[in-house]
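If you read the protein sequences in the order shown, they are chains C and L.
One point on numbering: in the UniProt record's numbering, the residue at position 49 of the first sequence is 49, and numbering is uninterrupted.
One point on numbering: in the UniProt record's numbering, the residue at position 148 of the second sequence is 148, and numbering is uninterrupted.
Where hints are given, some of them may not hold.
Here are the computed lysine to any residue pairs in the SDA-like style, where the Cα-Cα straight-line distance is at most 20 Å [claimed, not checked]:
1. L:367 / C:108
2. L:363 / C:160
3. L:371 / C:111
4. L:487 / C:252
5. C:36 / C:122
6. L:415 / L:489
7. L:363 / C:21
8. L:371 / C:36
9. C:114 / L:487
10. C:248 / L:489
11. C:251 / L:455
12. C:113 / L:365
13. L:375 / C:111
14. C:114 / L:196
15. L:371 / C:91
16. C:189 / L:265
17. L:463 / C:91
18. L:363 / C:36
19. C:114 / L:371
20. L:371 / C:8
21. C:114 / L:361
22. L:463 / C:108
23. C:251 / L:361
24. L:458 / C:248
25. C:113 / L:489
26. L:455 / C:268
If you're looking for bench data, these hints aren't it; they were derived computationally from the structure.
Okay, here's what each chain looks like letter by letter:
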Amino acid sequence: MANQFGSIEGKKVKGLADLGSRCPKKLWFRGNWDDKLFENAAAIIGSRRMTDYGRKVTEKMAAQLTAEGKTIVSGLVYGVDQTVHRACLEFGGRTVAVLGWGIGWDKLGDEEKKLIESIEKNGGLVISEWEGMRPALWTFAYRDRIMAAMASEIYVAEAAVKSGTMITVEWGLKLGREIWAVPGPVTSKVSEGTNKLISEGKARMWMPNQQASLSLRDKNNTQRDRSNTDIYISLQNETLTVDELARKLGKPVEEVGGQLSLLELSGEVEEREGKYSIINILE
Amino acid sequence: MLVKVRSVANVGLESVPIEVEVDVAEQGFPGFTIVGLASKAVEEARERVKTAIKNSGFDFPPKKITVNLAPADLPKVGVAYDLPIAIGILAASQQCPILNELDSIFYGELSLDGSLRATKGVLLVGLFARRCSIFVPVESANEAAVVDGIAVFPVRNLKQVVDHLTGAKKMEVLKHVEVEELVGEELVDFDLAEVAGQEMAKRALTIAAAGGHNLLMWGPPGTGKTMLARTLPGILPPLLPAEALEVTRVYSVSGMISAGETIIRRRPFRAPHHGVSAAGMIGGGSNPLPGEVSLAHLGVLFLDEMAEFPRTVLEALRQPMEDREVEIVRAAGHVRYPAGFSLVGAVNPCPCGYLGHPRRECKCTDKQIRKYRAKMSGPILDRIDLHVKVPAVETNKLTAESSSPSLSSREVREKVVGVRKIQEARLAGSGMYTNSQMRNREVRKYCKLDEQTEKLLKLAVEKWDLSARAYFRLIKVARTIADLAGKEDIDPSNMAEALQYRQTN
Numbered sequence: 001m002a003n004q005f006g007s008i009e010g011k012k013v014k015g016l017a018d019l020g021s022r023c024p025k026k027l028w029f030r031g032n033w034d035d036k037l038f039e040n041a042a043a044i045i046g047s048r049r050m051t052d053y054g055r056k057v058t059e060k061m062a063a064q065l066t067a068e069g070k071t072i073v074s075g076l077v078y079g080v081d082q083t084v085h086r087a088c089l090e091f092g093g094r095t096v097a098v099l100g101w102g103i104g105w106d107k108l109g110d111e112e113k114k115l116i117e118s119i120e121k122n123g124g125l126v127i128s129e130w131e132g133m134r135p136a137l138w139t140f141a142y143r144d145r146i147m148a149a150m151a152s153e154i155y156v157a158e159a160a161v162k163s164g165t166m167i168t169v170e171w172g173l174k175l176g177r178e179i180w181a182v183p184g185p186v187t188s189k190v191s192e193g194t195n196k197l198i199s200e201g202k203a204r205m206w207m208p209n210q211q212a213s214l215s216l217r218d219k220n221n222t223q224r225d226r227s228n229t230d231i232y233i234s235l236q237n238e239t240l241t242v243d244e245l246a247r248k249l250g251k252p253v254e255e256v257g258g259q260l261s262l263l264e265l266s267g268e269v270e271e272r273e274g275k276y277s278i279i280n281i282l283e
Numbered sequence: 001m002l003v004k005v006r007s008v009a010n011v012g013l014e015s016v017p018i019e020v021e022v023d024v025a026e027q028g029f030p031g032f033t034i035v036g037l038a039s040k041a042v043e044e045a046r047e048r049v050k051t052a053i054k055n056s057g058f059d060f061p062p063k064k065i066t067v068n069l070a071p072a073d074l075p076k077v078g079v080a081y082d083l084p085i086a087i088g089i090l091a092a093s094q095q096c097p098i099l100n101e102l103d104s105i106f107y108g109e110l111s112l113d114g115s116l117r118a119t120k121g122v123l124l125v126g127l128f129a130r131r132c133s134i135f136v137p138v139e140s141a142n143e144a145a146v147v148d149g150i151a152v153f154p155v156r157n158l159k160q161v162v163d164h165l166t167g168a169k170k171m172e173v174l175k176h177v178e179v180e181e182l183v184g185e186e187l188v189d190f191d192l193a194e195v196a197g198q199e200m201a202k203r204a205l206t207i208a209a210a211g212g213h214n215l216l217m218w219g220p221p222g223t224g225k226t227m228l229a230r231t232l233p234g235i236l237p238p239l240l241p242a243e244a245l246e247v248t249r250v251y252s253v254s255g256m257i258s259a260g261e262t263i264i265r266r267r268p269f270r271a272p273h274h275g276v277s278a279a280g281m282i283g284g285g286s287n288p289l290p291g292e293v294s295l296a297h298l299g300v301l302f303l304d305e306m307a308e309f310p311r312t313v314l315e316a317l318r319q320p321m322e323d324r325e326v327e328i329v330r331a332a333g334h335v336r337y338p339a340g341f342s343l344v345g346a347v348n349p350c351p352c353g354y355l356g357h358p359r360r361e362c363k364c365t366d367k368q369i370r371k372y373r374a375k376m377s378g379p380i381l382d383r384i385d386l387h388v389k390v391p392a393v394e395t396n397k398l399t400a401e402s403s404s405p406s407l408s409s410r411e412v413r414e415k416v417v418g419v420r421k422i423q424e425a426r427l428a429g430s431g432m433y434t435n436s437q438m439r440n441r442e443v444r445k446y447c448k449l450d451e452q453t454e455k456l457l458k459l460a461v462e463k464w465d466l467s468a469r470a471y472f473r474l475i476k477v478a479r480t481i482a483d484l485a486g487k488e489d490i491d492p493s494n495m496a497e498a499l500q501y502r503q504t505n
């Protein structure tokens, strides 16, 4: 890995000037700088401890915003952030990661290293206001202002009331950015923050856009296998284990299991911890 | 006067004849010495023998007594030499007749009151004896009852033996039992039908039993992984007489046969805790004893919380899994024990165990989960054919009517026995018995894939980035599934089902 990073004056980046005295003097970056990236940027943020629901919502949201031609900004840590970057890349979008540590800090995990490389390769950027800085609790909170300033819209997938995500939201509100939040179960700790934002009128409630999905689906040319429709219908509204599906359909597990393998191979369903769900980012 | 008494030493599962030479000298300073590389336990036989002789109403000669255990260069361990030493001393001091029957073997531990205590390894003594008479402790004597052509004398106490030898009161020979009579009964400890739900895991167990595959279950705590594993011995084919004897040999050496029991009739189920050492797992000690892998021979070795086992212990399993036996080398020599077990592992999906649980929150970070899973990677996973997820079950769903009525262990076992026969016929002459043992060459020969199946497998290999090893494992599993369905060739549906049991990360 070459230890050379580009740098740019903070004020020159679209949106950052709004920070006034808190605007970073200089930004370090990896990748090829392109001002176009910041013309229509949206930040998707959320908690590290992501639920299954949060993951699905995040994937949907990232896919849709990418389809709308937005650059997706997020923070590269595990949980929602990494899901955002991945989904964006998967749908051929460009994404910007704003690090909560110095650029070039070399104690990253394998996942992070891989993700950084793939962001760069796909025309995105990895940005930090420090070089070689060790991450600390405050660095993440401090970094949040850059994310908020860079994006013209901020989308919150999942967040507890007291969380780093909410710091970004506060900055966004201060800077007059548009805030969107995904409602979640009122019983879930990591949806308390998003629900509160909506109920207090600080954020608009985000819903999947059917129109965008349809055009995306044509692009991806997804085809449904008609022979397995009963499995498909059963999985429409819930995630189920093989046992549950077999019971529901009144078929032996060996048969249902085989069909699920085929559906997995064709990319229509996915399995996580023994539970199957439809891959329906597009619906 | 010099007397020789025959006994036996067990080195691993091998028996070595030992001659116990006892000399009671007319001259010399009174004393009692044992020579012949005697261990501490054998040294202490002096006190036990002396007291036992006195307490049985005999005289302990106040003379110079020398005991030699020949061959003198073989280290002697254990307490089984008490009885031959005592008999030797009594004969040499003319309190009982000098043994005219040289074909008698004496073996057993003495108690201070002159009675005999249960001693390990009696079955091996019996198998070694061949047309001899053996005098063994009554509590362990049943072990030797299955050996044909020998006379087993179950000894209650020292006095009884002397009365027998003098002819004052003859002892009765233990009745011979045929192993066949004992293993005929079919015993099931944990019935498959008793496990609620988890049809998928039960199916995996059936495949594991049918093809001799190893199985790994992933799932949060409390989903019945342990209970499922316990049902496996009951659905494996019943032990054949020769197999039962093999298992019993290992248990006899380990002293794990309860008093009065004759033979191990059920397939063993061993579930060592994850604190077990490498020596405990594969066997060890200065006089190496069988480890868990050997105690699980022809049965099931269940490793709960498999990711918590030390890496060294898991690595040590490789050799026995490959060779179906272990060789333990120690200063005292090297011994071999059989270790042909079916491995069943259980792993939590993450350190706290609740990843993907419908109601409980997982408290682990991504990094912790990745680290935890990395512990399970590597060579041991390469030897596990079946991977199955055992998700948490909602209790209300448990009570709901199941789609297919749960099969009982007995029914499944019948099927397994049938499928094993198919495999034995197919692999006849190759020294292999089950699909899981097939090497790549046999896989190519016996697992012909049609075009569609091949395509399906290729697609899976590409999509999930499967290794060459995984490729062959999938074919082997598909072969067993096809055998269960009674099919000559593997068809796409068999392969599709096999893909369910692939290794995922």
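So, going through the hints one by one against the coordinates:
With a CA separation close to 11 Å, the supplied pair residue 367 (chain L) and residue 108 (chain C) stays within the 20 Å bound. Pair hint residue 363 (chain L) plus residue 160 (chain C) holds up; C-alpha atoms about 15 Å apart against a cutoff of 20 Å. Between residue 371 (chain L) and residue 111 (chain C) the alpha-carbon distance is near 12 Å, which keeps this suggested pair within the 20 Å criterion. Straight-line distance between C-alpha atoms of residue 487 (chain L) and residue 252 (chain C) comes to about 18 Å, which keeps the hinted pair within the 20 Å bound.
For the suggested pair residue 36 (chain C) and residue 122 (chain C), the alpha carbons sit about 14 Å apart, so the restraint of at most 20 Å is met. For the hint pairing residue 415 (chain L) with residue 489 (chain L), the CA-to-CA distance comes to about 18 Å; that is within 20 Å, so the pair holds. Note on residue 363 (chain L) and residue 21 (chain C): the hinted pairing is violated, with a Cα-Cα distance of about 39 Å set against a maximum of 20 Å. Proximity of residue 371 (chain L) to residue 36 (chain C) is assessed by CA-CA distance (about 39 Å); at most 20 Å being required, the pair is judged violated.
Between residue 114 (chain C) and residue 487 (chain L), the direct Cα distance comes to roughly 45 Å. Violation of the 20 Å bound is thereby established for this hinted pair. Taking the CA atoms of residue 248 (chain C) and residue 489 (chain L), the gap is near 31 Å; set against the 20 Å cutoff, the hint is violated. The hinted pair formed by residue 251 (chain C) and residue 455 (chain L) fails the criterion: a straight-line CA distance of about 26 Å is larger than 20 Å. Restraint check for residue 113 (chain C) and residue 365 (chain L): satisfied, since their Cα atoms lie roughly 17 Å apart, inside the 20 Å limit.
Taken as a hint, the residue 375 (chain L) and residue 111 (chain C) pair is honoured in the structure, with Cα atoms around 17 Å apart against an allowance of 20 Å. At roughly 43 Å between alpha-carbon atoms, residue 114 (chain C) and residue 196 (chain L) are farther apart than 20 Å, so this suggested pair is violated. Taking the CA atoms of residue 371 (chain L) and residue 91 (chain C), the gap is about 29 Å. The hint is violated against a cut of 20 Å. A threshold of 20 Å between alpha carbons decides the hint, and for residue 189 (chain C) with residue 265 (chain L) the separation of about 54 Å lies outside it, so the pair is violated.
A distance of roughly 18 Å separates the Cα atoms of residue 463 (chain L) and residue 91 (chain C); the hinted pair therefore holds under the 20 Å criterion. For a cut-off of 20 Å, the pair hint linking residue 363 (chain L) to residue 36 (chain C) is broken: about 40 Å separates their Cα positions. Of the supplied pair hints, the one linking residue 114 (chain C) and residue 371 (chain L) holds, its CA atoms being roughly 17 Å apart against a limit of 20 Å. About 37 Å separates the Cα atoms of residue 371 (chain L) and residue 8 (chain C), which puts this hinted pair outside 20 Å; it is violated.
Straight-line distance between C-alpha atoms of residue 114 (chain C) and residue 361 (chain L) comes to about 28 Å, which puts the hinted pair past the 20 Å bound. In summary, the hint linking residue 463 (chain L) to residue 108 (chain C) is not supported, as the alpha carbons are separated by about 27 Å, beyond the 20 Å threshold. At roughly 32 Å between alpha-carbon atoms, residue 251 (chain C) and residue 361 (chain L) are farther apart than 20 Å, so this suggested pair is violated. Distance check on the hinted pair: residue 458 (chain L) and residue 248 (chain C) sit about 31 Å apart at the alpha-carbon level, beyond 20 Å; violated.
Between residue 113 (chain C) and residue 489 (chain L) the CA atoms are separated by roughly 46 Å; this puts the pair beyond 20 Å, and the hint is violated. Distance check on the hinted pair: residue 455 (chain L) and residue 268 (chain C) sit about 18 Å apart at the alpha-carbon level, within 20 Å; holds.
Consistency with the previously given hints fails for numbers 7, 8, 9, 10, 11, 14, 15, 16, 18, 20, 21, 22, 23, 24, 25, ordered from lowest to highest.
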